[in-house]
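Chemist: The chain contents come next:
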Amino acid sequence: MKSRGQLQTLEPILIVMVLAIIASIGLVWFMRVSESQASFDDRIFDTAKDLAMAKRIASLPEISCPKDISAGTYCVDLAKADAFSELASDRDALLLYYSLLGETQIHLSWIDLSSGELHNLSLYDFLPPESTDISGSVTYGSVYDPLTGERHFGMITLRRAVG
Amino acid sequence: MKRGQTEPSFQWLFVLIAGGVLFLLFGVLIKSCAQSGSSTAEGLELSVVQQKISSDAWQGESLAEVMLPSAEVVCPEQGSMTFIGLTQQASVDDAPVFVSSGIGGSATMKSVPLFLQENDVPIPFGSIVYVFDHQTAYLFIQDRENKVAEIASSVLSPRKKIIDASRLPYLSTEIPEGSLRVVVVAVQDGLLGNVDLTGVSEDVDISALVLLPTFVNGGSIRFFSRSGNAFRESSRGQYASGEMALGAVVSGKSTLYSCGERAIAKRARLLSNVYSSRSENLSRSSLESPCVEYLHEASTILAQASEKNDDAEFLNALFSSAQRLTALQGALRAASCPVIA
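Protein sequences, first through last, are from chains Z and H.
Heads up: the first sequence runs through residues 539 to 701, numbered per this note's numbering.
Heads up: the second sequence runs through residues 9 to 349, numbered per this note's numbering.
The hints are simulated quantities; they were obtained by calculation from the structure and are not laboratory data.
Being a predicted model, the structure only gives us computed values, none of them experimental.
BS3-like cross-link-like pairs, simulated, lysine-lysine; straight-line CA separation at most 25 angstroms:
(1) H:Lys60 - H:Lys118
(2) H:Lys118 - H:Lys169
(3) H:Lys168 - H:Lys155
(4) H:Lys118 - Z:Lys593
(5) H:Lys118 - H:Lys274
(6) H:Lys155 - H:Lys118
(7) Z:Lys593 - H:Lys274
(8) Z:Lys605 - Z:Lys593
(9) Z:Lys605 - H:Lys274
(10) H:Lys118 - H:Lys168
(11) H:Lys60 - Z:Lys587
(12) H:Lys60 - H:Lys274
(13) Z:Lys593 - H:Lys60
(14) H:Lys169 - H:Lys155
(15) H:Lys316 - H:Lys274
(16) H:Lys118 - Z:Lys587
(17) H:Lys118 - Z:Lys605
Label-pair distances were calculated between CB atoms; the ranges are:
(18) Z:Leu633 - H:Ser70: 16 to 26 angstroms
(19) Z:Asp584 - H:Ser297: 43 to 53 angstroms
(20) H:Asp151 - Z:Ile582: 47 to 57 angstroms
(21) H:Ser233 - Z:Tyr678: 52 to 62 angstroms
(22) Z:Ile672 - H:Asn289: 28 to 38 angstroms
(23) Z:Ser653 - H:Arg244: 52 to 62 angstroms
(24) H:Val300 - Z:Tyr678: 32 to 42 angstroms
(25) Z:Ile582 - H:Thr206: 57 to 67 angstroms
(26) H:Ser233 - Z:Asp630: 30 to 40 angstroms
(27) H:Ala26 - Z:Leu548: 10 to 20 angstroms
Where a beta carbon is used, it is the ideal one built from N, C-alpha and C, also for glycine.
Build the full structure now, drawing on both the sequences and the hints.
Modeler: Rendered as structure tokens:
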């Protein structure tokens, strides 16, 4: 059995050891919290980026609704979207819009409520086929048909290469 | 409880508190290091400026104070607009942007929507970014009709001054201290012949321009550069709208101005094609008179402007048709037809 004198000598070593254990546990815990916070921040950043991109697309004069009939933030003019879709498949136009939209694939979908039909239109496609890490989002808005004056429920689907 | 029993438990409490404090200090230290690292990077990367300009150039109505790394802006006649820094470079070729020949330090970045003509039913033609570098001084020469004051009010720079034409022989005394670049702006011809640049240091990059309105939205520009102690005309050009007149002021030099003009023309062509194709498709549909006639006329005007290969000619044709297109836009709305844009 150890005497009281021996225990007193070991006490500073014990204190240092306990301090080191507490610090290591703290460090491990801090790293885990930081990692989960970073991945959470990444997800928030990606979502914010997708939303900003969708807003940017919907407000482009190339496809946005005329000012006097505009309904909300996300309103797409169907006749403009049709013309833009044709134009954006041209290489020069594609390269120009690349500086704004980057490696993205953008689809416009709308539901004709009278017939219940779902329509799709590819607005812009510059997503490399080899992309594996892709972030996707859907933003809802309205699609205005200038021919009939009707507005349909619309969706802007965005797929973006991440990283 | 005896004294011997209480002492060790206090020691353990001390150990726990000390450990906690150590851990907190450690955490705060790591977090503050991470934050300071990211904010420094934001201010010094040309790619950040490039990204900011490129995204703002497509969206109107934004205003930001930014710190820009020191860089020269290069734009040869047929090349692209590129920022060249000490160790990096960034191209903003496709961005409709007007920027002075050198950037660095504090600057104001403003994007404004470009309309064919302002009215109740505007026809949008994208947006333009102006980068007002705070090391560039803008000296506006007063005119009787206060036209220069109108342009000066749009310039967001702390180094702008409106000076009387009688002060032109003493121009060096009017330049704010610490200015690296100076752009002199006049709206009357013949004024720049009176400028004496004797007192202006050779280190100061000084240029001048005269804006002369010749049609409803635009007019002609005469660019001047330094030749000894006077200004000498270096080139002439056209500006198609008030926004582009301001672009000429910000750029100061014809090569840089034509670079911004080219980027605007590129996008305006795409927009013209979208509007023209849309109007033509709608005019062929089941719409009734007068919608069909109005839309067909609009489509023809836009398509004819697009046929001009030269960027300046295309923009002038587009903005010269602004009144008619605006009238058509108004007439279409009044007749409850789909509008041009």
